[in-house]
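J.: Respectively, the protein sequence lines represent chains A and B.
Numbering of the first sequence is given in our numbering, commencing with residue 114 and proceeding in unit increments.
Numbering of the second sequence is given in our numbering, commencing with residue 114 and proceeding in unit increments.
Just so you know, not all the hints are guaranteed correct.
One copy or two, it doesn't matter: identical chains are merged, so the pair holds either way.
Taking lysine to aspartate or glutamate pairs in the DMTMM-like style, the calculated list, with each CA pair at most 20 Å apart, reads [stated by the list, open to error]:
| hint | residue 1 | residue 2 |
| --- | --- | --- |
| 1 | K297 | E414 |
| 2 | K413 | E239 |
| 3 | K300 | E123 |
| 4 | K153 | D243 |
| 5 | K297 | E308 |
| 6 | K318 | E308 |
| 7 | K127 | D296 |
| 8 | K154 | D141 |
| 9 | K139 | E239 |
| 10 | K275 | E394 |
| 11 | K211 | D264 |
| 12 | K393 | D415 |
| 13 | K393 | E298 |
| 14 | K311 | E298 |
| 15 | K311 | D296 |
| 16 | K204 | E398 |
| 17 | K157 | E248 |
| 18 | K289 | D179 |
| 19 | K150 | D243 |
| 20 | K311 | E398 |
| 21 | K171 | E314 |
| 22 | K153 | D277 |
No wet-lab data here; the hints were simulated from the structure.
Just so you know, these numbers come straight off a predicted model, no measurement behind them.
2 protein chains.
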Amino acid sequence: MIMSFDRLIEKIVKTQNPTVVGLDPKLDYVPDFLKKKAFKKYGKNLKGASKAILTFNKGIIDEICDIVPAIKPQAAYYEMYGYEGVKTLYKTVAYAKKKGMFVITDGKRNDIGATMQAYALAHLGEVFVDGEAYEPFGADALTVNGYLGTDGISPLLSECVKRDKGIFVLVKTSNKSSGELQDKELKDGNTIYAEMGKMCEEWGKDAMGKHGYSSVGAVVGATYPEQLAEMRRALPNTFFLVPGYGVQGGGAEGVSHGFDANGLGAIVNSSRAVMCAYQKEECDERDYAGAARRECIRMKEDIISYLPRIAL
Amino acid sequence: MIMSFDRLIEKIVKTQNPTVVGLDPKLDYVPDFLKKKAFKKYGKNLKGASKAILTFNKGIIDEICDIVPAIKPQAAYYEMYGYEGVKTLYKTVAYAKKKGMFVITDGKRNDIGATMQAYALAHLGEVFVDGEAYEPFGADALTVNGYLGTDGISPLLSECVKRDKGIFVLVKTSNKSSGELQDKELKDGNTIYAEMGKMCEEWGKDAMGKHGYSSVGAVVGATYPEQLAEMRRALPNTFFLVPGYGVQGGGAEGVSHGFDANGLGAIVNSSRAVMCAYQKEECDERDYAGAARRECIRMKEDIISYLPRIAL
């Protein structure tokens with residue numbers, strides 16, 4: 114059986130690019146010409162904002178889909194524009210998949226039992242209405258928070274196995290205060306994040322892919338290279354999603370600690386630097402997607418310069 | 114300044130009812146006559162399902178709004194029906210507020226910095242589109258997961274203070290496996306859940322309400338009465354949301370440990386037992402909302418029988 118991260122890994126090898134573009138589109142990031150057009154057609158409201166964002170996203174996806182393996186839309190930035198924003202999330206996921214990209218919905222969802230199953234069906238599965246099946250959001254993978262333990266993870270695992278999907282569990286996050294809880298030392302000398310990492314390896318045991326990684330990945334921040342190296346050693350079958358490169362301060366040398374000897378085992382995220390590349394370049398805003406592509410290439414070159422040739 | 118939980122506490126005192134009805138509406142819970150009507154009008158699809166759920170919710174709200182202080186829609190069950198489901202979440206929140214109820218969106222959201230701010234604005238705040246303000250979801254309170262530390266909580270606190278809102282942070286959840294991580298003992302002898310509880314007290318310090326509770330509440334499960342008592346003693350300024358009563362196995366005597374000497378300090382949730390009361394009663398499905406009301410009264414009487422008279 115092909116597991117979700119096998120598909121992701123194969124796309125990474127093909128593009129020689131272990132990065133993912135975060136689509137976290139605040140309205141401020143959207144060029145004026147797109148906003149004007151959407152506001153004129155739909156009004157200066159949540160619907161107009163959501164439509165402007167969708168066009169913005171599609172433009173970036175068109176421009177990067179041949180060189181970047183995956184996108185990671187962040188649910189918060191879509192919920193921010195109400196149900197119209199959530200519709201844009203749905204349409205963004207569908208569009209990227211049509212263009213051959215792997216889609217990680219960054220929702221950090223968490224709950225228990227039947228409720229977690231509802232999230233699993235919502236984002237990775239299908240829902241039946243009077244016998245007809247529908248994919249509510251249809252992502253390939255979802256970020257989740259494991260604070261609630263196995264009850265919060267099992268419902269996802271069955272979708273992973275059944276439908277070739279993946280999850281990334283928060284282990285060591287990239288933010289400054291992540292240590293307040295995550296770095297606390299347990300009685301046995303382990304930190305809380307290491308304990309969470311151990312649980313990921315455990316959860317992944319029954320969902321192993323053919324390339325050495327299970328369907329249960331982990332989020333480990335680029336801003337903590339030492340912990341990234343520690344987790345890479347401790348969790349040989351856990352694929353990493355690495356946020357915090359670029360704007361948050363993580364560098365390419367640092368993130369290289371998250372990879373294995375084949376240049377695999379991790380995918381590094383960049384959001385704002387790609388979406389707002391046209392502002393940094395100070396190019397014509399109509400070239401926003403071109404600027405995004407140029408930043409993707411720069412980022413890729415930067416990161417792979419510290420890695421062995423990526424190969425299966 | 115009146116803080117969010119002051120408003121909730123005043124509603125609890127007025128109704129003498131420290132319970133909240135969880136609106137977690139699977140399509141299976143909706144009576145056939147409502148489904149048939151919605152499917153006929155909107156089709157047997159996610160839209161039809163979402164419209165049936167909205168009508169179902171409104172019927173329950175109409176019937177309980179004079180005797181129950183709050184509802185708690187669970188985001189997962191709305192996302193399960195795609196963006197149409199999320200529109201039903203929005204409309205359910207708005208309808209309950211119009212009827213005078215306090216609305217807790219159960220989303221267990223978590224992220225950092227700007228992204229957490231997007232969630233805060235989405236669920237508790239307002240978002241500006243070209244100078245015009247819109248409330249994307251407009252709840253009174255949101256459940257959140259504190260695994261990421263202060264960076265994930267601060268953006269919520271500013272909404273709480275500015276707009277009279279509240280949050281409930283997961284401390285000790287009601288599920289069987291909650292102990293896998295939450296009960297682990299730290300080097301200093303504290304458990305992880307107790308540490309999380311301590312952080313809630315700390316976060317709430319600058320958002321104290323006039324009735325002795327801050328805007329930062331905690332989720333502590335009815336299924337762990339001992340820990341509920343322990344947390345009540347340890348966290349004098351933290352208001353509790355207590356899930357797990359009824360179907361999950363928590364009893365009224367057990368949940369009484371979450372309350373203070375005035376019969377305040379906690380609100381107990383019931384979802385399925387209320388929504389599906391008509392199935393258990395085996396009454397006419399057209400009386401589903403009446404059955405929900407009868408179950409609410411039964412639950413209230415059960416819970417307050419173990420409490421002192423609720424008073425400020």
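J.: Looking at the structure, which of the earlier hints fail to hold?
T.: 1, 2, 3, 7, 10, 11, 13, 16, 18, 20, 21 and 22
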